[in-house]
Each structure stands twice: as C-alpha cells, then as structure tokens.
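Visitor: Can you build the whole structure from these sequences, using the hints too?
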Amino acid sequence: MTTQILLNLLIAFVWMLLNESWNIVIFGMGYAIGFFIILSMRRFFPEPFYGRKIIFIFKLFSLFIIELLKSCVVVIRQVTRPKLNIQPGIFRSETVLKSDFEITLLSTLLTLTPGSVVMEIDPEAGVMFIHAMDVTEFRNSITKTKRKFEKAIIEVMR
Amino acid sequence: METFITIIAGILFTVGTYLILNKNLLRIILGITLFSHATHLLLMAINGLKKGAAPLLGENAASYTDPVPQALILTSIVISFALTAFLLVLGYRTYVELGTDNMKQLRGNTHE
Amino acid sequence: MYLLYIAILIPFFSIPFIPLLYKYVHRIHTGWFVLVIPVLLLFFFARYYFVQQTIEPLILSVPWIPSLNIHFTIYLDSLSLLFVLLITGVGTLVVFYSIFYMSKDREKLHLFYAYLMLFMGAMLGSVLSDNLLVLYAFWELTSVSSFLLIAFWYHRKRSRYGAQKSMFITMSGGFSMLLGFIMLYVTSGTFSIRELILLGDQISQHSLFIPAMYFIFLGVFTKSAQFPFHIWLPDAMEAPTPISAYLHSATMVKAGVYLVARLTPIFGGHQEWFWTITIIGLITLFIGSLTAIRQSDLKALLAFSTISQIGLIMSLLGIGSMSLNNQYSDSSLLFAGATLAAIFHLINHSIFKGCLFMMIGILDHETGTRDIRRLGGLIHVMPVSFTLTMIGSFSMAGLPPFSGFLSKEMFFSGALTASRTMGSWFIFIPIIAWVASIFTFVYCMILIFKVFIGPYKPLPLDRKPHEAPFGMLVSPMILASLVVILFFFPNLIASSLLEPTVKAILPQAFANGREWHVHISAWHGFNTELLMTMGIIILGMLLYKYLTKFRNIYESIPLKFTLNQAYDNGLVAMERISGKLIRFYMYGSTPLYLSYLFVFVIVIVGGSLFLLNGFIFDLSNNAPIELYEYMLGFTIVAAAIYMVFTKSRLISIIAVSVIGYIVSLFFVIFRAPDLALTQLVVETISTALFLLCFYFLPRVSKYVTPMKLNIRNAIIAIGVGMTLTLIGLSTQEHHLFDSIAEYYKDSYTLAGAKNIVNAILVDFRAFDTMLEIVVLFAAGVGIYTLIKLRHTGRKDQ
Amino acid sequence: MSNVLILPIIIPLLTGMLMIFFRRHVRMQQWLIVISLLLTIGVSTFIIHRIFRQGIIVLDVGGWHAPYGISLVGDMLSALLVLIASIICLMCSLFAFGSTSNDHKVHFVYSYILLLLCGVNGSFLTGDIFNLFVFFEVMLISSYVLLALGGKKIQLRESIKYVIINVISSTLFVIAIAYLYSITGTLNMAHLSERVATIGQDGLLTTVSLLFLSVFALKSGLFLFFWLPGSYSAAPPAIAALFAALLTKVGIYAIIRTFTLIFYHQPEITHTIILCMAAITMILGALGAVSYWEIRKILAYNVIVAVGFILFGVGMRTFESLTGALFYLIHDMLAKALIFILGGAIISIFGSDKLRNFSGLLLFRPSLGWLYFIAALALAGVPPLSGFVGKVIILKGGITEGHLIMSVIGIVTSLLVLYSVIKIFIHSFWGETLLSEGDQKATGTSALLPGSILVTFIIAMGLGAEWVLTYVEQAAEVMTNPSIYIDAVFKQID
Amino acid sequence: MKFTDVFLQTAIKILVFIIMTFSIYVLFAGHHNPGGGFIGGLITASALVLLYIAFDLQSVRDMMPVDFNQLAAAGVIVAVLTGTASFLFHVPFLTQTFTYVNLPLLGKTELASAVIFDLGVYMTVIGTTMTIITSISEDQK
Amino acid sequence: MDAKAMIEIVVGILVITGTIISLISSLGIIRLPDVYNRAHASTKSATLGILCILLGAFLYFFFTHGVSSIRLLLGIVFVFLTAPVAGHIIIRSAHRSKVTLADISVQDDLQDYLESQKNVESK
Amino acid sequence: MFDTIMLLAMFLLSISVVIALYRVIKGPSIHDRILALDSIGYIVIGIVAVLSIMLDSHAYLETILLIGILAFLSTIALSKYMEGGVVNGRKSND
Ligand code: NA
Ligand code: NA
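Residue numbers (the UniProt record's numbering), protein chains in the order written: chain G, 1 to 158; chain L, 1 to 112; chain V, 1 to 797; chain R, 1 to 494; chain X, 1 to 141; chain E, 1 to 123; chain F, 1 to 94.
These are computed hints drawn from the structure, not numbers from a lab.
From a predicted model like this one, the values you see are computed outputs, not experimental measurements.
We put the CB at the ideal spot given by N, CA and C, even for glycine.
Heads up, a few of these hints could be off.
Taking beta-carbon pairs under 7 angstroms as the criterion, some of the chain V residues facing chain L (in silico) [unchecked claim]:
{"hint": "1", "residue": "S589"}
{"hint": "2", "residue": "I625"}
{"hint": "3", "residue": "Y744"}
Guide: Here it is as structure tokens:
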C-alpha cells in the first residue's frame, strides 16, 4: 500500500517536472493522473489497490455519522424528558480487534455513539468495560453497533 | 465601552488590592493576578476600543485598532506570567519548607 | 618651594615603610627610624622661624578639585609656624620618649608609629592649609589617627570605649564644622581663609554668616574638648602615655584653638563670637579645674587640667577678639594683650603639660600604677622625677619662677581688661578666672604632694619603684628646662614669634600701622594681677588642706547627672529609641508593607489628582457596547467579588481563571487576536500552576482576620481602585497627541508583515521581545534551581 | 548608528546564556564571567571616552528611528553608571568565586549575575520608557532568583516578600506607562520630554508622574524601602553586595532620568515631594543603621541613608546638586559594594552576623580590617575619600538653595552612618581575639582582591575628584538641559 | 487482566502530530496572521506535556533527549544572534530584513530574518515552559 | 434570494442547531445523576453541537470570504478526536478514584471484576 | 436578521456556559468539575466561532483550535492527576 502511494506521489512530481510549473494545481492534476494509472495497473501489485481503502474509510465514516446522530437524539431525549428514566451501569464486552490503532478507533467510535462510554480496556484479553446510560435498553444495540464497527474497521485496517 | 471596561478594571484593582492586603499567600498571588488582568484591560480601554479592525493588514479594513497597546500587553502578559509562575513556585517552596502560607508568620524580626 | 608639600606628605609616605622596618629590622627599636622624620621636619621648619620675622607669609597653591574651588594651598605665617613648631618639636620629644616607653618586644610598634605619623602629617596639614576643605580633610584625619591611637591596646574595653567616644564626639563636631565651612562658601564663594578675610564685612551681612559660625564652633569645641564636649578627653587617656602627651594635650586638642585664632579675622569683633568663645572657655576652665581635683587617676587629673587650660586659652582668644570690634577700637591693643596671653599660654601649656604627661608615664612605667591613693613618698626613690614634675606643676599653677606664672598674669590682665573696658558687670570674667585658678593650684599641689611627699607606700605597688632610665628622662628634662628658660627670657620669642602671631590673628587691629611691640617682663609691680596670684596661693593652700571635706561634697553629686552618664545613656537611648521607631515602621509583615505602598499611592497620586484638578471625564467618544459584553463584564465583577468572600482555595482559583478566560474573550472583542491567543494559553498554564502549587497541598493553618483589619484593608483597596480608575477615566479622554501607532500601519512595506502586532513584536520593538524571553528564561531556570538546589542540599545533609 | 552601545547589554547576556551549557564546568564559568566582564568594562570605558569627545551616542535598535523604534541613548550619566555597574559586577563575582558554594555555581549563579548586569546596564542605556520596564524586569527576575537561590528558610521567607512587593510595583509601572501612552501617544523618552514640554505638564500628567515616582521610589528604596533590609540580609554575601551596589541605584537612575528629562515642569510639586521623601528616608535609614547589632541589617540601612542623600541632591535639580548627586551615586555604588563584600567576609569568618559575638579579628585579618576601616570612612564621607566630594557638592547645593534643614539632616545622618559602620569595625576587629591562628584561616580571603581594588577606586576617586568631575559635570549638563538629550535622539532623522 | 492506556496513548500519538503541525504553522504564519513564536512555543509545549501525561517522564526523555534549560538558553542566543548579525552589515543591532523569493510549490514567498528571531522566541518558550512543568511535576512525585 | 442570503440562512440554521444542542448538553450536565452519565451528555452532544457551529463558520468564511480555512477543518477533526478520549479518561479516572455510581445504576461489572480479583489475591 | 441570530446564539451559548459553571462550582466530585470544565471549553470554541462570524474576521480561527488543545490538555491532565495524584511521570499502568 505504501509503495502505491509513493508511486502515485512520484508520478505527480514527474508531472510537475514535465509541466515546468510548481504549484499545487498541477501537482493535484499529476496525482489524479497517477491515481488512474495505478488503478488501471492494479493487478501488477501484490496487494490490493489502495483506492479501495478510501471507500472503506468513507463507509466507516458515514456509518459513524449516522450512529452519532442517533446517539445524539437519544441522549437529548433522555435529558429533555421531565423525569429521568434510565438504568445506567457498567458492562463487560469483548472485542476481536487486536492492534492498538484498531482498538483506539473502535473506542472512539463507541464512545461517540449512543449511551456508551468506554472505561477500561485490556487489549491483550480483548476485553472492554463500557458504561451505558441505560443498560437494559442499549445492551443489544451497543453490541450490535460494536460488531458493525469492528467489521468496518477490519475492512479498513487489514 | 471604554468607561465600562475602565470601571471593571477599577473593580479588579480594588478586589486585587484587597486580596493583596490579605495575609494568606495564595490570596496575595491571586490578587496580583487580578491586578495584572486589570492592568491589561485598562491599557486597552484607555487607548480606545473597537476603533477599527484587528491590526492584521489582510483584513483590508478602513482602519485598525491601535496595535501598540496590544504589543505592550503581549509583552506584559508574558512577563507577568513568568513572574507569577516564579512566585507560585516560590510560594509553594516556602509553604513546604516553612509550613505556612500566612504572611504574618513569615515575619522576620520576631524570631531572629 | 614645594619642599613644603613634601614636608607635609613625608609623614604619610613614611607609613608604608614602618611595618617593613618593624618586620625586617626587628633588632633596632622602630622608633629610632621614625625619629628621623620629626627631627628633619623640626629643622626644616625652624629655618622658617628665623626668616619669618621679616618676610611676608608664604603661600603656595596646588589645585586639587579646582572646579569646586578646592586647592591645596599652603599658607605659612607665624600662627601656622607656631603650631608647626609645636607639632614637630613636641613630636620629636615624644617619639624619643616613646623609644624607651614602648617595649619593642611586647608592643605592635609598627602600628603605633604608623598612627603617629598619620597624625603628625594630618596635624601639619591642618595648620598649614589655607583652604577650609583641605583643612577639614586633615582635621578629620587627626580624629581618625586619634581614634586608632586611643584604641592602641584594643583588647581593653576601656580603650575601645574611649576611642569610640572620642571619634564620635570629635567627628560630630567635624561634620558640623564642614557644614559651617560650606555655609561660609555659600556666603562668599571661596574656601580660602585669606580670601574670606579680605571679603570681610561683605559676607558678615549674609544670613548664613552667623549660623556658619555656630556650626564651626561645634567643630572647634568638640576638638578642643570644651564644655560640654570635654567628656571624651579623659577617656582618651587610655592611649599610651606618649600619645596622651602629644595628641591629647600638646597638639591635637589645640587644633580648635588654632582654628579659633585662624578664623578670628573673619568672625572676630562679632558679639556672638566673643560671647560664645569666652563663656564656653570660662565654663570649661572652671569645670575642668574643679573636676581635676576630684580625680584619683593621675592621667585623668591631667586630662581635666588640659581641658581647663584650653578653656583658659579659649576664653583669652574670645576676649582678644574684641579688639576687632569697632566699638572698642580705642582699646583694641588692650584686648590684643589677651590674645598675646592666649598664645603665650598655649606655648607654655604645651611645654609643661608635655613634661607632666611624660612624668606620669614614667611613674606609671616604674611603679605600675597611676592611682594617687596608692602612691606617696616617691621623692626618695625618684628625685629627678620629682624635680621635673614639680617644675611642670608649678608652672601650671602659675608660680614663679616658671613660665606659667607669666602667662597666668597675662590671663588676669586680659580678664580685667574685659571687665574694665566693656562694663563693670563683666567683672564675672576675672572672678571666674580667679576661682578656677585656685582649683588649678590645688590640683597642681595634689600632683606633687600626694605622689612624691608623704609616707612612702611600696607595699601595694606591683613592682619596686626606682628612677627611670636616662633616655626616658631626656624629653621631660628638655621641656622642664624650657619652662624655666621662658620665665627668665620670655622675650626670646616675644618679638620673633608671639608678636607676629598676634598680628596674624588680629590683622585688622594693626592694619593702620599701629605700633605695638611685645615685651614680657616678670615684674609689673604690685598690681591687681599679682594680688590675685597671692590670693590663689593662700586660698589654694587652705583648700588643699581641707581637701577631704571638699571631696565629700563632690561625691554627693549622683552619678546619673554627670555628662558622661548622659552621653552613655544617650547612646543607649539613641539605639533603643531608633530601634523602636524603625521597628514600628519595619514591622516585618508583608501586608503592612503593601498597605504602606498603597496608602502612599492613594495619598500622593490620588491627592495630586484632586488637588491639581487632573480629573476629566467625557463619555462622548465611547464605543458602543453590546448586551453580551455587559454579561461578560458582570461575570468578571461577580467572580471578583466572589473571590473576596470565599474561603475555598479551589473556588478562588477557579474564579481567577474564569476572569482570565473572560479577559481573553474581551481581547477577541477588542480586535486583538494575538492577545486572545496568548492570554488563553497563559491563563491555562497559570491555572495549572496555581493548582499544582497550592490547591493540592494540605492546608496547614487556619486564620481569621479581625474585622477591623478587613475594614481598613477594604478602605485602602477602594482608595487604590478609585485612584487608578479615575486616572484611567481621565486619560481615556485626554489624548493630546497622535499616537506613534500610525507609523506602524505601514508594516507591510516597512517590515514585510501583515500582522502589525507581530511586526511590532519581532521587528519594530523586537528588542522588548528579546528581553521578554530573557525574563521568561530567567523565571524558568529560576524555578528549576528553586526546586533542584534544595534536592542536592538535602543530599548533603 | 553606533552598535557599541548594545555591547554592555549583550555581552553579559550572551555569556550568561553560554554558561548554561557549561553547567558542571565551574572553572570554565569563572573564566567566562571574568572575561566577559572585563570586556564589558572595556567597552564601557570606550563608550565614555566617545561620549566625552563626541557627545551623546544614540543607537536606534532595529534601525527604526525614534520615536518609532527603541532607542538606546548613551549619555554621560548612563555611560558612567554602566561602567561602574560592570566594575562592581566583576568585583562581586570575584568575591563570589570564594564565598559561594559549589551548589550555587552549578545552579547558574554566575548566569544570573550576568543577567542582572544585563538588566542594570540596559536600564541605564535605554531611551524608551517601556523598554525601561522590560529591563527592570530582567534585572528583578534575576535578583529574585539570586535571592532565593539556596532555598534556606530565611531566604525563602525574605524573597517571597521581596518578590511580592516588587511584582506589585512593576504592575504599577505598567499602569503608569499605560496612562502616559494614552495621554502622549508615545513611549520614547526624548519624544515624551518634547511632548510633555509642549503641553506644559498639566495636572493629570503630574499625577501620572507621581505614580512613576511611587514605583521608582519603591525600587530605589526612597521612603518605600521596607522590602530592602530583609532581602539584603537574607542574600548570600556576594549577592547582597551586588544588590546593595546596583539594585536601588537603578531606581535612583530612573528617578533622575524621568524627573530631569520628562517631568521637570512642576518641580514645586514633584521635586518637593522627592525632597521630603529623601529627608524621611535619610532619617529612617539612620535610625535603622544605629539601632541594629547585625552587620547585614546595619549595612542594609546604610544603603537607605545613601538613597535619601542622593535624592536630596536630585530633588534640588540644580546643576551643582545634580553633579553632586551623580558623584555621590558613583561613590556609593563602589563603597556599598566594598563594604558589603567586606561585611560578607566578616560574616563568613564568624559564621554569624551578630555583632555582639564578634571580637578581635584584626590580629589575623589585618588587611581585611584596614580595608574595612577605609571603606567605613569613605561611607561616612570622610576626606579625602570618594564620599567626601559628593557630600560637599550636595551640601553646597543644599545650602545655596536654602535647604538648611535638609543639609543638617544630611550631616547628622552621615554621622550616624559613621557611628554604625565604626561600631562594626570596633566590635569585629578589636577586642580579645577569639579565633585561633589556624581557625578558618581560609575564610574571607576571597574578599581581599576585590576589596583592595575597590578601595583603590575609592581613594583614587577622592584624590582624583577633579578628573571624575569633568565627566560627571558633562552628565549633569544633560540633566539640567534636556534639549541636549532630545536633539541627540532626533538628530538621526535629518 | 491488565488495563492499559492504549486508547489515550494512541489518540495522543495522532493528536501530537496535529498539534505540532499547528504550532509550526502558528510560528511561521505569525508574521501575517495571529500567532508567532510565543504562541507557537506554547502550543508545542502543550504537545510535549500531552506526551508526558500519556507516557511517563522517563520514556519521553529517552525519546527526546533534550535539556530544556539549554534549549531555552539556545533560544535566547538565537534571538540575540539574529540581532548581532546586523553588525556584519553595519546596520543597527536587531535590524530585521526581508525579501521575496520564488520557491517551488509555494510560489512567491517572503523570507524574513524576523522569522529566525521568532524561532529563538519559540525555542525559549518551549524550553522554559517544559523546564517549569517538568521541575514541578518531578518535585511532587 | 441572492447567494449571500442563502448562505446566511444555512449558516444561521447550522449555528442555531449547534447552539441548541450545546445548551441541551449543558442541561444534561446539570440533570443527569452522576459523573458517568454526565459524560455521555458532554462527549456526544457537545461534540455534535460544536461541530455544527464550526461547520457553519466554515461555510460562512468559505462563501463570503472565499477562504477555505484549514484551521477550522483541523478544529473539527480535533474536536472529533479529543471528545471521546476526554470522556473516556474522565470517567475512567472517576471510577479508579472510587467515585460511586448513582443509586439508579443497575450493574457494575468492572467493580465486580475488581472485587473478585481482590478475593483471589487475598486467598 | 442574521446578526440577530448570531446574537441569539451568543446569548444561548453564554447561558450554556453559566449552566456548566454551576456544575463546576457545585461538584460534587472533582470529576464532575473536570467534566463541566471540559464542556465549557467546547462551548467557548462555539462562542469564538460565532464571534468571528459576527466580527466578520477570520483572525480568531487559531483561537478555536487553541482552545480545543488547551481544553483537552487540561481535562487529561486533571483526570490523570486525580487518578494517580501526579499529573505525569508515573510509569504507565504498572
Ligand atoms: Na511577545
Ligand atoms: Na505574535
């Protein structure tokens, strides 16, 4: 993947040389051209095309935004209710993710989504303790969301 | 606005002075901090406020506020920060070493 | 010609060599080397004695600080010469005497002679300088050398006490005299005595003229141990005896006399001059002689006798000064007689007192005591000493055939002249003179009879007394023979020394070429003076006989009321009272000090704002203000007021940070982005430091401030706030000039920067910024050292 | 343009910074400080020489001419003070070589001494009022650190007071500058002088000038000296000497500069206040000096007396009195450094500063004793030492101006000064010898070299007063005639 | 089970890069926009403090063996030396100069000696701030 | 309706939305029973509210001044990244310093786990 | 109209700050205070953004990011301090 990006940059640079012009627009053009060159020749590389990742990232992002909006609505509803009706608590949850970066990503996303905040993490054992605003109501949805995230993250990272 | 800010600065001066006259070391330092805030507000206020855009030529405004007080305040902020930091640590060391933050107990003459 | 300068400076230049000689030529008594200097000087100046009678006074001048009119001008006339001869003559004898007196094995001779040379040079300088400030410089040096000499045996408490006392008193006088000299300068524009004399009446009308005189008097009277400043002299007797003989009787204490004589042409003729000198002189004469009787220490007795004798000379100079008074111009020559008497007695006194001191020194040396009560009958073991002491004492008592008789008679004449010429109620002058002379007679008798006559008491003495070695006796012998010679041949010096000296003191009296010649004769026929002398002898004898009863009267005077006691208590009180006063101001408490500062600002700055009508107020130019700005402002006020009342540290710290953050928001509103950024970060770090340094520490002390104090503080606080606000409100509408800021608005062309504030910081006023980071650096590393140095310190412990 | 003016500021500054990199190399630091100070002294001498020949030197820092940039203005007053300050700094450093613990040395004591000098020299040289504030801060922060360095209880206690009081007065300084800028729209002192003269110093400006006076009074120990005795007696000897000789003098300089150059239009108010404060200062200082029995306290109060006396000369604002004040100022800087160095040596020998416990030092430390004795006499203005001439000129001015009472106060207090310093001499050098020959033989010896040099200066300054006066009078010329200063600053524009 | 700071540490690793970039931007943009050496330095210091918090003092020291006292001093020296450079051109001390050059990628770019001066400020601020913070926190251990 | 008015409407809506979300999240900080629950309000709502405002500001400057402020975008990213970490750290710290859960809490697996660990150790 | 909206936004944000300040003062736990301060930081970011729209100046955009950094830094520092009593320097998690 790194090779592909570097190659792409090199193409952009060469493009600038050819144009004898040193500005960001020409560079951008060169990069775009390189992108398509690599896309068309992707089968020559041992690893998959790096543009794919961009799609995954975009997917993850949109997933997240939706979850964020949802979570927001939930919290606002809770807060604006005249009487609080919640059953908060901390529950244990497992994850299949391993690397630091993956776990961080997951934690970020989880914390930003409805009624859950990550508290303690043991990356070795793949265990997280999560505080939920309403354990009974959200246990299932959180676990579901977590699975979705894990899947998206794995797609991006591996 | 100028009058308003000057009066606020005045109130800060008053409170600052009151705290400085206290015998509690922390309150003295807090009073000094208030004093320097008040000084900066005063320095701004008495040289005219909102008399133009921020002194950045990129803003393309017709007039700019007086940049000199700003520059002076910047220098003054940094210096008072340096002094406050030093004073705080000095106060902390005194507190730890002498076991008091009461300036009355930090009198010299009696126990010499 | 410039040999004169060298002559004055030789003693000073010799000082560095004395310790060397002492250290490397220890075999030979250092005194022998030192002796060369006074001998040389004596011969050098004696040369002038023989030429002086005919030629004009000698003037030499070298600039020292010309822009202040300070020139090192030497003025050698007969008055100076008289003193120079005394200084070098007695100096020679004293150094010679000291060679035998000071043990070369036990004493720190290098210091002794160094001090002595310092003194000799200073004294020569004093009497030879025409410039008042140069004179003053040497004058103070004599005090300094006297200080050092009195404390020569500095391990003794009494020596230190005496040294300190003499220095403090004589230097007080000296300092005041300096002020007097400067006043004279302000009246006249010159420090030169000769020029001052020439200015004459022009300056006497000046309002500072008489004050100057009194300031100078303080110098004169302290130096010459006049009442009530005489108290230092008896304590100065802790000095080695040669020193007492030299400084504290023959020369230094006469510096005041010299100065009075020297300044008589300027001040003489003024009533204030006459009255002050005469009265002080008489009082001193009286008190001195009266007190001398009471002394049991021989040196103390001599000290008081010196005091009284100088009082005598002073009063004579006072009387003599009247010859310059226009009112008495007819009898000016009669008054001049008093001056003559003063000069003659001055010479006599130096001689016989020098002799007596040396004899006391010998007694002390040979018997180990100076206590009259332990001495007696020494005539048998020390006949030579007895003879010499007797000559000195009789001369002092004013008995023939000794020179003292002559000057004593002249003293009476002077006193009588005053009363005859100036009015009958001036009769008190001769009466005091006479009574004091009776006492003088008594103590002279004590000196001879209690020590040499009567039962011999060898038992209480520390060592077996015997006659002194010959070398030690040489100096007193010379002096004693002078006493006798001067009685029989007083005219040896009459025309060559006395007459020109009197003329130098009273130049105006002889200005119109009046003929006046000095001729001294021992026999005047049976006149009042002789009768007075006879009265003295008879009454003195009686008094001596009933001395014990007389003494009892003395003893009844409680010690508390003596001047000495007053001095001692005065010093203690001075230290105590000043201590109390200063500790009242310097209480040591920071809040108090800060309230001084703030009250000072309120009084001086606030006061001036109102008294000078500095307050101007005008709302018209104010910028508009929005609601949220009011809100922010009131939040600041609320937080600030909350800080006053809260006891919680945390809330105080939070409140101050809230204020800080709102201030940075205000900076945004005031169009100051750089400020806002900086303030934000700085506020955050400050808050962190506040918390780190104070919040998380355990609370150790709780204290309540009394309400009264709080109210006082509140008043001060409001005062400060008001003052600063009112000035602020005034200046905000008082922009009298265009700001320099206009210039910076071209910063893009001038400095290539669009951010004007940044351009000011890194270019226009980059120097400020450079130093600002130095401050920051210093604070940072300072904090580092504050914390680290302690750690290493602990490791050491 | 004359970059030479910046050198007395940046030589110490750069050397001080450089030393941070040689923290553990104490010997290296000592060499560095000596070389740097000798350089500074040389440069200052050169500057004096040039000013003497060619008049005031101006350096527009950054190339921005007055009043828009910061100008350094070297007139004779500044240059003389810079030279003396640098000399004193060298002396105190020499003393510090032997009298300061190694702990101090590796904790940047020399760096801070140099920074202090940088602040002091800068304060003397700057021609910009805000820049003066900044230099004050450089000086003060260094003094805070030097005072607290070591962290003994008494040091912490006194430095916290000192810092608090000074920080507050610094804030007042900024406030005063704010007012002044608001009214006049400028910061350059020559420009200020010109502008204040145009409007003739109205009531508001006088009020502002009095705020400046309050600030400088505190810094110089004029009446508001309560911070001084404690802090001077807590500092290590070499540092105390440095403080005594330099710190208050910068305040005095600031008063001289502002009240002869800018605010001289209402002397009946401002200068009368200065005179009254001077009188009270002399009296209180003398009271303190005679009442204490601790060397440090006595000497600290002596500093105060001198401040009062110098300001007496300044307050009269005549050519003569200003000449005297400057002469006395120079003398006092040298003499105070000297006496504090020697006093510090005495303290280190006895290990205490309680006079009553001292005795008989003269036997084993004769040189120290005689140096001290001369210093004591110089301090009291005994002729022919340096103090005498200054004293005479000021008194002459005082009497000429009709300030008889002030002059008497001046004389009486100088007498009390003499009493107090001689008290120290008598009690520490005379009396039975308590120390034995081998006892602490080495202590106090580091004072001898700087002590002798300073004594030489003091004697030379008294005997060669005329020579010194030619320079001092040139300085007084500028003080009495601000237009010389103003013209020099603005001549660059033409 | 072993609870770790993995979330914090990884997040901070990323954040520090953002903050550092920002601080350098602020440093160099200061000439035309709000900012400059002082703010830039403080922001860098914030980044370093974050590192200290997330990791321990020693490991950060191992990563960046910088004596902050010396960094601060070096900053002052840099600032002063930009001033003394003017000695070479016989212009007054601290005379700043600027020029415009065409650089690849950036186009017409201003080169100002004031930026070097500001760099000195930047270094000093970092050095000082870090000195203060590390001293105090070590003391309170 | 001109372009400027359009932009102003969009920006106005975004800003007001953001403001209201922020206000509500503040209310949440007041109303919710313990620090753990409040963290939810703070991390999520505040984030979203500020994001809306910043987005509004970005659009405003982009369309009125033609400035695409990288600083604002960076700000958005930064808020995104820091808010969850901050929330996580605060409540973790709260739990570690034994701040009790509100009474209405129904479950604390972490506490149970820690206690069981302690029991194991003590055995 | 637009300006009024912005003023309204300012007003509401200020109220949010005041509300959060209440939590800062009230506590009860130190963590509540930290949390509230963290929120205030975010709200202030909003305020500055609105202010720069009002002042029509992009001069304050640096401030936004800066506040973000500082708020985050303070939150982390305070929490870590509370956790272990030391802001930094602790060996991490062992
Ligand atoms: Na700055
Ligand atoms: Na800047």
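Visitor: If a hint holds in the structure, say so; if it does not, say that too.
Guide: These are the hints, each one checked on the structure:
no. : hint : in the structure
1   : S589 : holds (5 angstroms)
2   : I625 : holds (4 angstroms)
3   : Y744 : holds (6 angstroms)
Violated hints for the displayed structure: none, as all numbered hints are satisfied.
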